[in-house]
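Each protein sequence line maps, in turn, to chains A and B. Residue numbering for the first sequence follows this note's numbering, starting at 12 and increasing by one per position. Residue numbering for the second sequence follows this note's numbering, starting at 2 and increasing by one per position.
These are calculated hints, taken from the structure and not from any lab test. Please note that a few of the clues may not be correct.
To be verified - Chain A stretches covered by chain B per the calculated footprint, using a threshold of three residues with CB under 8 Å from any CB of chain B:
1) 63–70
2) 85–96
3) 101–108
4) 111–117
A virtual CB, placed ideally from N, CA and C, is assigned to each residue, including glycine.
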Amino acid sequence: MEAVIETRGLRRVFRSRRQVVEAVTGVDLTVRKGEIFGFLGPNGAGKTTTLRMLATLLPPSGGTATVAGCDLRTQPDQIRERIGYVGQAGGSDREITGRTELVFQGRLYGMSMEAARKRAADLITMLELEVCADRKAGTYSGGQKRRLDIGLGLVHDPQLLFLDEPTTGLDPQSRARVWDEVRRMHDRGTTVFLTTHYLDEADALCDRIAIIDYGKIVAEGTPEELKRAVAGDVVTLTVAGEQQRALDLLKDQAFVREARLDDGSVLLYVDRGEVAMPAILRLLDGAGLTLVTIGLHRPSLDDVFLRQTGRSLRETAA
Amino acid sequence: MKLVRDTWFVFGRYFGLFIHNPAWVALGVLQPVIYLVLFAPLLKSIASVQGFPPGGAYNVFVPGLLVQLGMFGAAGVGFSLIAELRAGVIERLRVTPVSRVALLLGRALRDMLSIVVQSLILILISLPFGLSVHPIGVVITLALIALIGLLTASISYAVALGAREENIYASIVFTATLPILLLSGVLLPLGLAPQWLRNIAAANPLSYAVDAARAVFRDQIADPSVSRGVAIMLVLSIIAIVIGARSFGRAVA
Numbered sequence: 012m013e014a015v016i017e018t019r020g021l022r023r024v025f026r027s028r029r030q031v032v033e034a035v036t037g038v039d040l041t042v043r044k045g046e047i048f049g050f051l052g053p054n055g056a057g058k059t060t061t062l063r064m065l066a067t068l069l070p071p072s073g074g075t076a077t078v079a080g081c082d083l084r085t086q087p088d089q090i091r092e093r094i095g096y097v098g099q100a101g102g103s104d105r106e107i108t109g110r111t112e113l114v115f116q117g118r119l120y121g122m123s124m125e126a127a128r129k130r131a132a133d134l135i136t137m138l139e140l141e142v143c144a145d146r147k148a149g150t151y152s153g154g155q156k157r158r159l160d161i162g163l164g165l166v167h168d169p170q171l172l173f174l175d176e177p178t179t180g181l182d183p184q185s186r187a188r189v190w191d192e193v194r195r196m197h198d199r200g201t202t203v204f205l206t207t208h209y210l211d212e213a214d215a216l217c218d219r220i221a222i223i224d225y226g227k228i229v230a231e232g233t234p235e236e237l238k239r240a241v242a243g244d245v246v247t248l249t250v251a252g253e254q255q256r257a258l259d260l261l262k263d264q265a266f267v268r269e270a271r272l273d274d275g276s277v278l279l280y281v282d283r284g285e286v287a288m289p290a291i292l293r294l295l296d297g298a299g300l301t302l303v304t305i306g307l308h309r310p311s312l313d314d315v316f317l318r319q320t321g322r323s324l325r326e327t328a329a
Numbered sequence: 002m003k004l005v006r007d008t009w010f011v012f013g014r015y016f017g018l019f020i021h022n023p024a025w026v027a028l029g030v031l032q033p034v035i036y037l038v039l040f041a042p043l044l045k046s047i048a049s050v051q052g053f054p055p056g057g058a059y060n061v062f063v064p065g066l067l068v069q070l071g072m073f074g075a076a077g078v079g080f081s082l083i084a085e086l087r088a089g090v091i092e093r094l095r096v097t098p099v100s101r102v103a104l105l106l107g108r109a110l111r112d113m114l115s116i117v118v119q120s121l122i123l124i125l126i127s128l129p130f131g132l133s134v135h136p137i138g139v140v141i142t143l144a145l146i147a148l149i150g151l152l153t154a155s156i157s158y159a160v161a162l163g164a165r166e167e168n169i170y171a172s173i174v175f176t177a178t179l180p181i182l183l184l185s186g187v188l189l190p191l192g193l194a195p196q197w198l199r200n201i202a203a204a205n206p207l208s209y210a211v212d213a214a215r216a217v218f219r220d221q222i223a224d225p226s227v228s229r230g231v232a233i234m235l236v237l238s239i240i241a242i243v244i245g246a247r248s249f250g251r252a253v254a
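Turn these sequences into a full structure, and let the hints steer you where they fit.
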């Protein structure tokens, strides 16, 4: 498969008078043509910094990268012709109508007035913005504004689209519509590179995922591969009284690969759930611990994240 | 060619934003009127003070007011840019292949245009009060004020891109503009100043613009101070545009 993004040792250091912050410490990534690639990590992990480097907004401090077949350092103008970018803040002006923004954006990409108007009209239909296209963007709902911002990134039909946390702050319905839109881009052959801190989003939408933490990639693969790497199954249980006692009892058993406390319950990574369950019950019973809840599930990306970074994304995202 | 095209689009965007806001347009027309109504009554008595330059009172003060208008009119333009930074507009524009010079020049030319129109209004409404100026003098003066506006706007945008916050931007811009204006002889001619103040003023580029404008309004268009003032503003404008465009090229969050 042809690579659309290829980075080696990509780094970014921010210097201020008081301190030097290494936001991205060496990222090696390959994004293949036509896939939806998810870049996952807690706030401050280096997601946006990496994205802004790849979108030519921020020069890297070190390393190399090829984006859409062009070198990031020497050919930023060629890259700009080929990519679309939708930042976290969006990018539309409150005082300007959606249609005017779309036409203006088309003109910046060298379209004739006629072509830009036609493209704007098509995008307005495609993104279902007809009701608000001729109103100032300041009057839009959260979902309408996000769709306009995505439309601005799609004006020139880029082969690669960057989306920085496209659904953060949206209600569930608007979120689902953005997902549909991303899938439609994917069906048309556009490569999508998106960042998110929602695991369910990455799981539902992405062909492949990379997890970044403290400026480094800690895991990369399809959601299935990543989940498989965690362990066979995950057992979640709670007991009456101190959870720590159950953890101490179970963590050194041969069938438990890894155990930890999470959110007031005991989390066990085991090879085979159906073998582990009876053994767990016997052990707890023998130690006089009363079981309150027990559940067996296939690992989710939550488990992958917890395993790779040592903390739950739910707590870091807050 | 691409630069001209891009500049035209960017200019169109910001001109459209301006013209569709009736409050801004009204304020823009009103400003020079306020200058004249609140300032002109002071002129009559002061013109008789010893050391006051020759020529009618209006011919001495209007050029100063125009220079001030050029500078103050453009000093605050960075505020709108900071709002756009926050809304992600600048980032969105920087991801397109649009020329970085056009991103600056398109907006600065819009600011320049509004300053030129305001200056013209100020000159026209001063005529009935006794201002006399040759039509060619008006053209030269407007060119000079246009350059001051372009220069100040470009620097303002560069400062706004660096400051990224209204408070920091405001304190930088207003701390810088006040001494520059006072030391240019805009408010009162430096002919009234002691020697040490005149020496400092000689290092202030804006004082050459004020000299040039005053010479024009004394009907001394051929005076060397005119071409010198225009040339200094032209060179500084070009430098400011380069600095401003570079700021657009590497604006970092």
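Results for each hint:
As drawn, the region 63–70 of chain A meets chain B at 6 residues by the rule of a beta-carbon pair under 8 Å; at three or more, the given contact holds. Using a Cβ-Cβ cut-off of 8 Å, 6 residues of the region 85–96 of chain A lie near chain B, which meets the minimum of three, so the contact claim holds. For the region 101–108 of chain A, the stated coverage by chain B is satisfied: 7 residues place a CB nearer than 8 Å to a CB of that chain, which reaches the threshold of 3. With a cut-off of 8 Å between beta carbons, the region 111–117 of chain A has 3 residues touching chain B; three or more are needed, and the interface restraint holds.
Of the numbered hints listed earlier, not one is contradicted by the structure.
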